[in-house]
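Engineer: Here the protein sequences line up with chains A and B, keeping their order.
The numbering of the first sequence is my numbering, which starts it at 1 and goes up by one.
The numbering of the second sequence is my numbering, which starts it at 1 and goes up by one.
Source of the hints: derived by calculation from the structure; they are not laboratory data.
Do not rely on the hints blindly, as some may be mistaken.
Distance condition first, Cα-Cα at most 30 Å in a straight line; then the derived DSSO-like pairs of lysine-lysine [said to hold, decoys possible]:
#1 A/K9 - B/K376
#2 B/K97 - A/K32
#3 A/K9 - B/K255
#4 A/K32 - B/K112
#5 A/K32 - B/K80
#6 B/K128 - A/K32
#7 A/K84 - A/K30
#8 B/K328 - B/K255
#9 B/K80 - A/K11
#10 A/K30 - B/K80
#11 A/K75 - B/K97
#12 B/K84 - A/K11
#13 B/K97 - A/K11
#14 B/K354 - A/K9
#15 A/K84 - B/K128
#16 A/K11 - B/K94
#17 A/K56 - A/K30
#18 A/K84 - A/K56
#19 B/K376 - B/K423
#20 A/K56 - B/K112
#21 B/K354 - A/K32
#22 B/K128 - B/K94
#23 B/K84 - A/K32
#24 B/K255 - A/K56
#25 A/K56 - B/K80
#26 B/K423 - A/K30
#27 A/K75 - B/K80
#28 A/K84 - B/K354
#29 B/K128 - A/K9
#30 B/K408 - B/K354
#31 A/K84 - B/K376
#32 A/K9 - B/K328
#33 B/K94 - A/K84
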Amino acid sequence: MIQQNITVKNKIGIHSRPAALLVDTASRFKSKITIRNGERSALTTSMVKLLALRVKQDNEITITAEGEDEAEALKALSELIESKFGEE
Amino acid sequence: MDMQGIPVSAGIAIGKAFLYESVTPASSGSKRTALPVDSETERNRLERAVAEAERQLTELIGRIPAADGKQEADILNTQKYLLKDPEITGAADKAIKERYISAEQAVTEAVKETAAVFSEMDDDPYLKERSGDIEDIGRRLISILTGSGGACSLAELPPDSVVIAETLGPSDTAQLDRTHAAAIITEHGGPTSHAAILARTMELPAVAGLQRISSLASDGDTIIVDGCTGRVFVNPEASVVEEYMRKAAAYAERKRELRKNIHVPCRTKSGKNILLAANIGSPADIDRALENGAEGVGLFRTEFLYLDRSAPPGEEEQYRIYRTAAEKMGTRPLVVRTLDIGGDKEIPYLHLPKEDNPFLGTRAIRLCFIQPELFKTQLRALLRAAVYGNIKIMFPMVSSADDILTAKRFIAECAQELTAENKQYNADAETGIMIEIPAAAIIAEELAPLCSFFSIGTNDLTQYTLAVDRTNESLASLYNPFHPAVLALIRRTIEAAHKAGIPCAMCGEFAGNPEAVPQLLKYGLDEFSVSVSVLPETRRLITEAD
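Chain B with its partners taken away, still in its complex shape:
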């Protein structure tokens, strides 16, 4: 059986299906309800399962790479407390003792009851989400009790696992067993989802948007994932497996070849030098970026620092992260995008009102302007870290000259404060903007003199220009960055930049698109910032273009 999904991370893998979240307390809890049970035995089973779950969580916390931040650790730590909560395991134990039910059923009931309390808290999205943590605990305990071991854990995968999930969030990917994961398939999402970005950074093939995959594949099925074309095979015939083994070998060979060339200067045939840079989400990604030939970071997405936690990262925490990144990069440029987030992300501590159109709402720099403390904390951290490297500050969602002037006033204010506090900072850090709103592209000539650089964000520029929600899977065919209107805006932006004597970069997915690269070079694009996995290929495309 073969299926067509959305290719979101290149590469070819042949492996065994690993269905994530296949165990649910609701489905497996009622198995043993008919028979009265020996309550002492069941209470012991529960106690051992709790101890095992605690051991697993402790191990997971220990495995989170220090550089990847403490938010994942916080989530797992919370689960450790919930695991021993009298309301959950205490209640389950009591139910076994009093009603002679199985440990599985007792856990299922306790989890369901407790999770329900939280899931009704509609006015507090943070607490509402905790129901997910409680259900997670339930799944873990049930999976230990029923002996399916790590079925709910991504941390201990069998070798060559093709992870199949509805969707993967930051707390799932934090625990992903990076040595045994071969590929990722998700039912939802697209190239810009968290799982896709992670897969490209880790150089794992990934396909998204395969809506029925969980019901069509079972654990252990042979799966072929072609992350270049989006094709996925479940239990293919031997001839197909052979064909793809050849393709995988050819792909690996090609990748090796490409990586040999990472020291070839990134220059077009006509002699124009191009800066090839990487898009990253954490300082931990820098090593892979450099190994793949990045000469800079064109986009450091800082929003991951703000997700899955209960308070925004403070100035010192951010300062340390940016400084680490800057030091790793040395003199190479590190473009840091200020917080790009809005009502589509649940960040309870920001108290964002629910919006009907979050992509047209109070997001990114608009949010920063009305929450000055949030913005200034980040800017102060950036100005201080800029002492240690070549940090450039980039503002997202700019639509007018006023936006730039306001942002610059914030920077001036932060600089003044830092001077008054006698703190070291770099007053000369360059500032530039994302061109991702059509309005900004149209008035690019007016904006360019106010900036040190432009960077075109094609994902949003495309969705705003074409009025196509990029997260809406049914509109995928209308989402076309090659649309003449999008291309016209790209060209206009590059020309405006050059007229003002500043460089123009692109940091959207489009910059790594093999068909787009020659066209972008023709328009005069100066810098290409792409996912780590497509860096070597993009270098080849650039060096082979005129």
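Only chain A is shown next, with the shape it has when bound in the complex:
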């Protein structure tokens, strides 16, 4: 199991479009991936749970991945978040 802390930089935080991108990206991997924001945590299979994390700009979140491709999964997700989900 590996994990990484990362600060969400895009303006709107994790709203629908970023959440959809997270679900899509995570679904490419076999690992079980969890995102935690403060006391709330969510599996990346659920948009509902991801939205309910209520991640806003400048929140620091923790991504945990566990499974055979955990390193690749963590890398893909952190890159997605660092790219601000492609927002302008």
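Please build the complex by placing chain B on the supplied structure of chain A, with the hints as guidance.
Structural biologist: Frame of chain A; chain B shown alone:
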């Protein structure tokens, strides 16, 4: 039975009632609860319903015209994800397996529970609204499960449908089946609501403010909608149907006649040339505007670009939209109004504080001044697109000379940046203002020399002058643009414009009002900008006036 509502889009239609949002998970979910059910069968039903719902959503997304923007597609796309969410369909499946309940009940419970989580998020209006998306998913699934098919969908209407709804938002109208919709009736709203504006652009008859219509009409009832007078009949007698069939035919004939005349120069009998222009909400509306004889666009409402999305449209997206519009218009003028929005609209990403009086609050240009990035993104896109056509920039909610000077400083700043970035733009795009606050009308003489044009916005000018909230249905009788005070301000504005040698337009509903047109011409109004559906009629009124 007949009723009187507010006429919001002209035309006459006779059709069958189609009650939108008549299916709610709460009302139909508990039907089958008494009997224990075969859980395998129910799980299969749920699985098939999810697959069908996904197919419907994919089809809807495919149907959204490209020009109408991607915000509608975004909403439906989100629903596709929610549809397969373990918290919703996963939880429903589990409930069937463990508690032997029906698929309907399982969906109802899962949706209710999940939606409740979001609807409690009072501090985040964006997330709070997602409860609506979740309920939408629930309605769709229940409607598929109970076999009522597309009862929650506006995308597949039976022919000649009179759509009856409490209210219609942008996400509803995006999916509206444009070939089979005959008319629209809403319980709430008025001439300036989203549904009304859409109906006029699509030339569909519409009546608003019929508060009890959903309980008085049932699916399939015969409905007559007279969008000219606001009268609506439910299951009328044969003689009334015949009367209205004659009226509808006469109306259609009149419309054909009027459209024949769209190439007649728009000139009064005394020889004054008038510019007849259209009010639009997206570049897709331009084709209809031109077909109906528009010689320009007097008002391009840009706020629709900002609604129902999670981030403001970026410069490139806006640039493409404005450029498309400008190219469609060619040399004809395209007046683009900068963002006119305030605390009455829920736009979560703008983080607007809740205001007690949003119409007297931080809206339109006031909002743009305190969110410079928002404003500059739009101005840069406009200046760049102005290379490709005759774009004029119009500022809403101006109340002082300072407002104009500040807005112009923003433009100068954007121009400087674009020069530095070596980007092509049109530095000579004209700028003008809306006259919609009484203060601006009163000091119009002082403002005119700072502008290339005025455009009178009668909807707001009337509500501010008379202190009558135009969205308050109980004050409808006090909302009167013919009030002498409103007329005096209109006249004053036109005279001030002419004194400074600039043209004066009007882009409110009043400019298409048959009783107002002769009066406005007498005052010397130069340009009339009206809804697409009243363009031919307005041309006739102008050419028949002195």
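Engineer: Now look at each hint and say whether the structure bears it out.
Structural biologist: Outcome of the hint check:
1. With a C-alpha separation of about 22 Å, the suggested pairing of A/K9 with B/K376 holds against the 30 Å cut-off.
2. Between B/K97 and A/K32 the CA atoms are separated by roughly 24 Å; this keeps the pair inside 30 Å, and the hint holds.
3. Of the supplied pair hints, the one linking A/K9 and B/K255 is violated, its CA atoms being roughly 55 Å apart against a limit of 30 Å.
4. Between A/K32 and B/K112, the direct Cα distance comes to roughly 28 Å. Compliance with the 30 Å bound is thereby established for this hinted pair.
5. For the suggested pair A/K32 and B/K80, the alpha carbons sit about 22 Å apart, so the restraint of at most 30 Å is met.
6. Proposed proximity of B/K128 and A/K32 is supported: the alpha carbons are some 28 Å apart, at most 30 Å.
7. The hinted pair formed by A/K84 and A/K30 meets the criterion: a straight-line CA distance of about 24 Å does not exceed 30 Å.
8. Taking the CA atoms of B/K328 and B/K255, the gap is about 25 Å. The hint holds against a cut of 30 Å.
9. Our distance criterion of 30 Å between C-alpha atoms is met by B/K80 and A/K11, whose separation comes to about 24 Å.
10. Of the pairs offered as hints, the one joining A/K30 and B/K80 holds, with about 22 Å between alpha carbons and a cut-off of 30 Å not exceeded.
11. Restraint check for A/K75 and B/K97: the C-alpha separation of about 37 Å exceeds 30 Å, so the hint is violated.
12. For the hint pairing B/K84 with A/K11, the CA-to-CA distance comes to about 27 Å; that is within 30 Å, so the pair holds.
13. For the given pair, B/K97 sits about 42 Å from A/K11 by alpha-carbon distance, which is inconsistent with the 30 Å threshold.
14. At most 30 Å may separate the alpha-carbon atoms for a hinted pair to count; B/K354 and A/K9 meet this at roughly 25 Å.
15. Between A/K84 and B/K128, the direct Cα distance comes to roughly 23 Å. Compliance with the 30 Å bound is thereby established for this hinted pair.
16. Distance check on the hinted pair: A/K11 and B/K94 sit about 37 Å apart at the alpha-carbon level, beyond 30 Å; violated.
17. With a CA separation close to 28 Å, the supplied pair A/K56 and A/K30 stays within the 30 Å bound.
18. Between the alpha carbons of A/K84 and A/K56 the distance comes to roughly 12 Å, so the proposed pair stays at or under 30 Å and holds.
19. About 15 Å separates the Cα atoms of B/K376 and B/K423, which keeps this hinted pair within 30 Å; it holds.
20. A C-alpha spacing of about 25 Å is found between A/K56 and B/K112, which places the hinted pair at or below 30 Å, so the restraint holds.
21. About 40 Å separates the Cα atoms of B/K354 and A/K32, which puts this hinted pair outside 30 Å; it is violated.
22. Straight-line distance between C-alpha atoms of B/K128 and B/K94 comes to about 26 Å, which keeps the hinted pair within the 30 Å bound.
23. Distance restraint check for B/K84 and A/K32: the Cα-Cα separation of roughly 18 Å lies within the 30 Å cut-off, and the hinted pair is therefore satisfied.
24. Annotation: proposed proximity of B/K255 to A/K56 is violated, straight-line Cα distance about 53 Å (limit 30 Å).
25. Between A/K56 and B/K80 the alpha-carbon distance is near 23 Å, which keeps this suggested pair within the 30 Å criterion.
26. A C-alpha spacing of about 46 Å is found between B/K423 and A/K30, which places the hinted pair above 30 Å, so the restraint is violated.
27. At roughly 26 Å between alpha-carbon atoms, A/K75 and B/K80 fall within 30 Å of each other, so this suggested pair holds.
28. A hinted pair counts as satisfied when its Cα atoms are at most 30 Å apart, and A/K84 with B/K354 qualifies at roughly 28 Å.
29. For a cut-off of 30 Å, the pair hint linking B/K128 to A/K9 stands: about 22 Å separates their Cα positions.
30. Between B/K408 and B/K354 the CA atoms are separated by roughly 29 Å; this keeps the pair inside 30 Å, and the hint holds.
31. Distance check on the hinted pair: A/K84 and B/K376 sit about 21 Å apart at the alpha-carbon level, within 30 Å; holds.
32. A distance of roughly 38 Å separates the Cα atoms of A/K9 and B/K328; the hinted pair therefore is violated under the 30 Å criterion.
33. Restraint check for B/K94 and A/K84: the C-alpha separation of about 35 Å exceeds 30 Å, so the hint is violated.
Against the hints set out earlier in the document, violations occur for numbers 3, 11, 13, 16, 21, 24, 26, 32 and 33.
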